Amino acid sequence: MASISLCIAAMLLLGIVGMARSWLGRAHEVVHGGMALVCGAAALTVLVRLAGDGTDVEILALPVGLPWLRANLRLDALSAVFLLAVNLVGCLSAVFGWSYARHEAEPGRVLPFFPLFIAGMNLVLVADDAFVFLMAWEFMSLSSWLLVLASHREEETRRAAYVYLVMASFGTACLLLAFGILAGQAGGYGFEAIRAHPPGAVPASVAALLVLLGAGSKAGLVPLHVWLPLAHPAAPSHISALMSGVMTKVAIYGLIRVLFDLVGEPLWWWGAVLAVLGAVTAVAGVLYALMQDDVKKLLAYSTVENIGVIVIGLGLALVFKSSGVPALAALAMTAAMLHVLNHGLFKSILFFGAGAVLTATGERDLDRLGGLIHRMPATALFCLVGAAAISALPPLNGFVAEWMLFQAVLNGPLLEQWELKIGFAVIGALLALSAALAAACFVRFYGIAFLGRARSPGAAQAREVDAVMLSAIAVPAVLCVVVGVLPKLAIAMIEPANRLTTGEGMFDAGGHGGWVWLAPASAFGNSYSGFMMFMTILILTILAVFMIHRYASNRVRRSIPWACGFTDPAPLGQYSASSFAQPLRRVFAGQIFGARETVDMPAPGETRPARFTLEMRDPAWDRLFTPVVRLVGWLADRIDGLQFLTIRQYLSLMFFALVLLLVMVAVSQ
Amino acid sequence: MIFVQALLAGIFQVVQMLLVLALAPGLTGLVRVLKARLLGRRGPPLVQPYRDLSRLLRKDVVLAENASWLFRVTPYLVFTAIWLAAALVPTFTTALALTATADLIALVALLASARFFLALAGMDVGTSFGGLGSSREMMIATLAEPAMLMVIFSIAILVRTTSLSLIVDFMLAGGVGLRVSLGLALISLLMVAIAENARIPVDNPATHLELTMVHEAMVLEYSGRHLALIEAASMLKLVLYMALIACIFLPWGISEPGEGPLDLAIGLVTFVLKLASGAVLLALFETGVAKMRVFRYGEFLGGALLLSLLGAIFLYVSTGL
Numbered sequence: 062m063a064s065i066s067l068c069i070a071a072m073l074l075l076g077i078v079g080m081a082r083s084w085l086g087r088a089h090e091v092v093h094g095g096m097a098l099v100c101g102a103a104a105l106t107v108l109v110r111l112a113g114d115g116t117d118v119e120i121l122a123l124p125v126g127l128p129w130l131r132a133n134l135r136l137d138a139l140s141a142v143f144l145l146a147v148n149l150v151g152c153l154s155a156v157f158g159w160s161y162a163r164h165e166a167e168p169g170r171v172l173p174f175f176p177l178f179i180a181g182m183n184l185v186l187v188a189d190d191a192f193v194f195l196m197a198w199e200f201m202s203l204s205s206w207l208l209v210l211a212s213h214r215e216e217e218t219r220r221a222a223y224v225y226l227v228m229a230s231f232g233t234a235c236l237l238l239a240f241g242i243l244a245g246q247a248g249g250y251g252f253e254a255i256r257a258h259p260p261g262a263v264p265a266s267v268a269a270l271l272v273l274l275g276a277g278s279k280a281g282l283v284p285l286h287v288w289l290p291l292a293h294p295a296a297p298s299h300i301s302a303l304m305s306g307v308m309t310k311v312a313i314y315g316l317i318r319v320l321f322d323l324v325g326e327p328l329w330w331w332g333a334v335l336a337v338l339g340a341v342t343a344v345a346g347v348l349y350a351l352m353q354d355d356v357k358k359l360l361a362y363s364t365v366e367n368i369g370v371i372v373i374g375l376g377l378a379l380v381f382k383s384s385g386v387p388a389l390a391a392l393a394m395t396a397a398m399l400h401v402l403n404h405g406l407f408k409s410i411l412f413f414g415a416g417a418v419l420t421a422t423g424e425r426d427l428d429r430l431g432g433l434i435h436r437m438p439a440t441a442l443f444c445l446v447g448a449a450a451i452s453a454l455p456p457l458n459g460f461v462a463e464w465m466l467f468q469a470v471l472n473g474p475l476l477e478q479w480e481l482k483i484g485f486a487v488i489g490a491l492l493a494l495s496a497a498l499a500a501a502c503f504v505r506f507y508g509i510a511f512l513g514r515a516r517s518p519g520a521a522q523a524r525e526v527d528a529v530m531l532s533a534i535a536v537p538a539v540l541c542v543v544v545g546v547l548p549k550l551a552i553a554m555i556e557p558a559n560r561l562t563t564g565e566g567m568f569d570a571g572g573h574g575g576w577v578w579l580a581p582a583s584a585f586g587n588s589y590s591g592f593m594m595f596m597t598i599l600i601l602t603i604l605a606v607f608m609i610h611r612y613a614s615n616r617v618r619r620s621i622p623w624a625c626g627f628t629d630p631a632p633l634g635q636y637s638a639s640s641f642a643q644p645l646r647r648v649f650a651g652q653i654f655g656a657r658e659t660v661d662m663p664a665p666g667e668t669r670p671a672r673f674t675l676e677m678r679d680p681a682w683d684r685l686f687t688p689v690v691r692l693v694g695w696l697a698d699r700i701d702g703l704q705f706l707t708i709r710q711y712l713s714l715m716f717f718a719l720v721l722l723l724v725m726v727a728v729s730q
Numbered sequence: 023m024i025f026v027q028a029l030l031a032g033i034f035q036v037v038q039m040l041l042v043l044a045l046a047p048g049l050t051g052l053v054r055v056l057k058a059r060l061l062g063r064r065g066p067p068l069v070q071p072y073r074d075l076s077r078l079l080r081k082d083v084v085l086a087e088n089a090s091w092l093f094r095v096t097p098y099l100v101f102t103a104i105w106l107a108a109a110l111v112p113t114f115t116t117a118l119a120l121t122a123t124a125d126l127i128a129l130v131a132l133l134a135s136a137r138f139f140l141a142l143a144g145m146d147v148g149t150s151f152g153g154l155g156s157s158r159e160m161m162i163a164t165l166a167e168p169a170m171l172m173v174i175f176s177i178a179i180l181v182r183t184t185s186l187s188l189i190v191d192f193m194l195a196g197g198v199g200l201r202v203s204l205g206l207a208l209i210s211l212l213m214v215a216i217a218e219n220a221r222i223p224v225d226n227p228a229t230h231l232e233l234t235m236v237h238e239a240m241v242l243e244y245s246g247r248h249l250a251l252i253e254a255a256s257m258l259k260l261v262l263y264m265a266l267i268a269c270i271f272l273p274w275g276i277s278e279p280g281e282g283p284l285d286l287a288i289g290l291v292t293f294v295l296k297l298a299s300g301a302v303l304l305a306l307f308e309t310g311v312a313k314m315r316v317f318r319y320g321e322f323l324g325g326a327l328l329l330s331l332l333g334a335i336f337l338y339v340s341t342g343l
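Keeping their order, the protein sequence lines are chains A and B. Its first residue numbered 62, the first sequence is counted upward by one per residue in our numbering. Its first residue numbered 23, the second sequence is counted upward by one per residue in our numbering.
The reader is advised that the hints may include incorrect statements.
As the list claims (entries may be wrong) - Below, simulated SDA-like cross-link-like pairs (lysine to any residue); rule was C-alpha separation at most 25 angstroms, straight line:
| # | chain 1 | residue 1 | chain 2 | residue 2 |
| --- | --- | --- | --- | --- |
| 1 | B | 313 | A | 647 |
| 2 | A | 358 | A | 242 |
| 3 | B | 81 | A | 647 |
| 4 | B | 313 | A | 619 |
| 5 | A | 358 | A | 647 |
| 6 | B | 81 | A | 643 |
| 7 | B | 81 | A | 358 |
These aren't lab readings, by the way, just hints derived from the structure by calculation. Small disclaimer: the values here were computed from a predicted structure and weren't measured.
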């Protein structure tokens, strides 16, 4: 605990160093280097703790904050898992930023807030009372808002920041009310008091829904996701990786902390709501991602998908926990938390990769990239690992979490409620659909950006980025492979958090099967071994290569592409990002996005070019936000009139308000 | 005793892998011969696919100028992934060494990996045909893969496992009987198998008409040993799907751990017979239907997904009630 607090203090200090940039010549190096060290130290501390027993709880009360409350901090297994994710990605993004942020036009708009942002996230994770939690949450929101505003001269960025601020405020307001309800029952803001006095079913449900709204808006649950694809691309790439890879996970932490730890016994329908929302989010997020041409927007929407997958896991865990099957709850919970770590890893690779591509080519539009595998071989290799991992291909880490999640879904028939039995089948189908769509999405992303021929001069003249940036991309790529091949390493670290949230570890009911086998006792005899699969693939590939090169012709001739005899000299003849998405758009997007394609074909003999236009809309904007904005505007116009009343009218207004309040008090007595 | 069993499982595993590899071109050849006969042609000899493969292996690779390392690595990865997937499906015995390594979900994911890399390779050279093939292949996969997973769910709910060997054991023990859900699952899995193996009505493996092909467009730039590997992989995939359908829905004849050599021989013979009858049915089906338009695939595979989901929901509701 003390070491984490020291790390947070050091981060705050580095934020101040960042502000003092004009006096300090080398503030850039100090801040990024310092952050890399501090985050690395914090991650290492937590790692050691998790590798050990991990069950002990450390508490610290700082004499700051509200006079009668003080700031209560607490480090337990659940916080530790998320602290690891935050600080690992924080360390990597500091290393990446060391090189990347040199190209920043106005470093003063990034440098001070980068450490503060990470400090805010850390503080949320160790908060032990509602006051510290909300303060840290706001701190995290505001510092990331300032980071989104980094390139404030662009109209689009300002709009993104505005939407983000509104959504963040909405989220915090919901959380504030939720904690108010919880604390009102317990008579104190401390988590310990809330835990000791769980509220009854109705207030607990209201609090759960408010937390879902509050944390869900920060995590990017559909339909509260609209800020995310605007804000994530607007920030610099290493900040995008942080916002997308870990800030959304801090929101997930809030959800877990309240629903699994603070409110007492959960009700089954909370889990059902979570799982359904998660499934909708997963499918919608990946469909949006499939239609995007902007690399960073695509990645941001893919984060929405992954949050959906995590929330499905949480929902299943909640359902199983409330149904009294802790072993299965632990299975689903492990899948969700492993996916939290996994997503932090592969989303860092991909956002850093996008940053590297942006530095090298100056392009963010998929249709202006291509052929980068030749120009940036190392970035291309690591991004391939990231794309394969996020598409849940074995033997990488994404698949392990997905496998466990499917195993949890398969146990749906054990539940009593028939709504859940049918619901689980549908959620399983949506989960499978989102996984398949994710693979299509990342084939499109990787194939268009890195393969084929360069579609713009920028892409044609790209240069590989420097070793510092590459190392920040390489480390998570290696970790993706390690966690995928030996998933027990990561799962063992999650076990204490599992016992804390669901009451049981995944392997507590037996079914260990050694380090190589993943055989949860709750998965009725099913097992998976990333290690064995990796080794078999390796041996078979070596065998195939050896046999082919021993007995087959080894000669290679280079020639112009065959392409059925048609050689087109222009790279624009290749399949583009939008043409790749077209069949999928036809199958999936017509109804959901109201996608309309119009082709303006000139008559024979006309010389004007044919034009193809595509129109797509986000239904969340049309159906939810536009009406809400209109309603707020209308209300504001009505209330505006209150500013121009006479004294008499004001006095009578106050009088009637007083009478109303007295009547309310009388009725409630 | 355990050591002997493990050793036997290892030997059977190797035999299984060699068996599927040896039978795969023969199965494709058989389907071609049967189709030709049904159309009133004489058709190529049964061994033609073996000859094609060995001819391809002896030819030089003609590589497009801007093909990257990914293009050259992909055939090996695709071949290995599908070979490994085929090794996991019990064909003549369930006593296989790799049984515990992966279950049905991992098998689907292995096939997805092969497809992922093949689709990427299709886009690597930067021709419009490659992109076209990749894009359509991924579109087909986005519907076929969930349908297949839902079929697996149905089976897993019935049998309480996703491990293929355990499924075969359970089915052989006769604990399931006839079920509506199993029927729905079978139809759905057949539809998926047709789509995944690039057969009529979804794709035409014999065509080189650019705008109607999917799989062939994607691998258009491959030649020589690379093409041989990819062809072999797609032949293996056909065996894999037939073996999968056979071992789940018609497991009779598959020998179980601890059974004698006679049972193994029966297992081998029945497996070859199952493949042959699969080839007959496939040839009959393919000569009987016409190829669909590309944008009807969504409806076809959407139907498969719906059927499998229905099957799973029936089971979810019926178990435990």
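Hint numbers contradicted by this structure: 2, 3, 4, 6, 7
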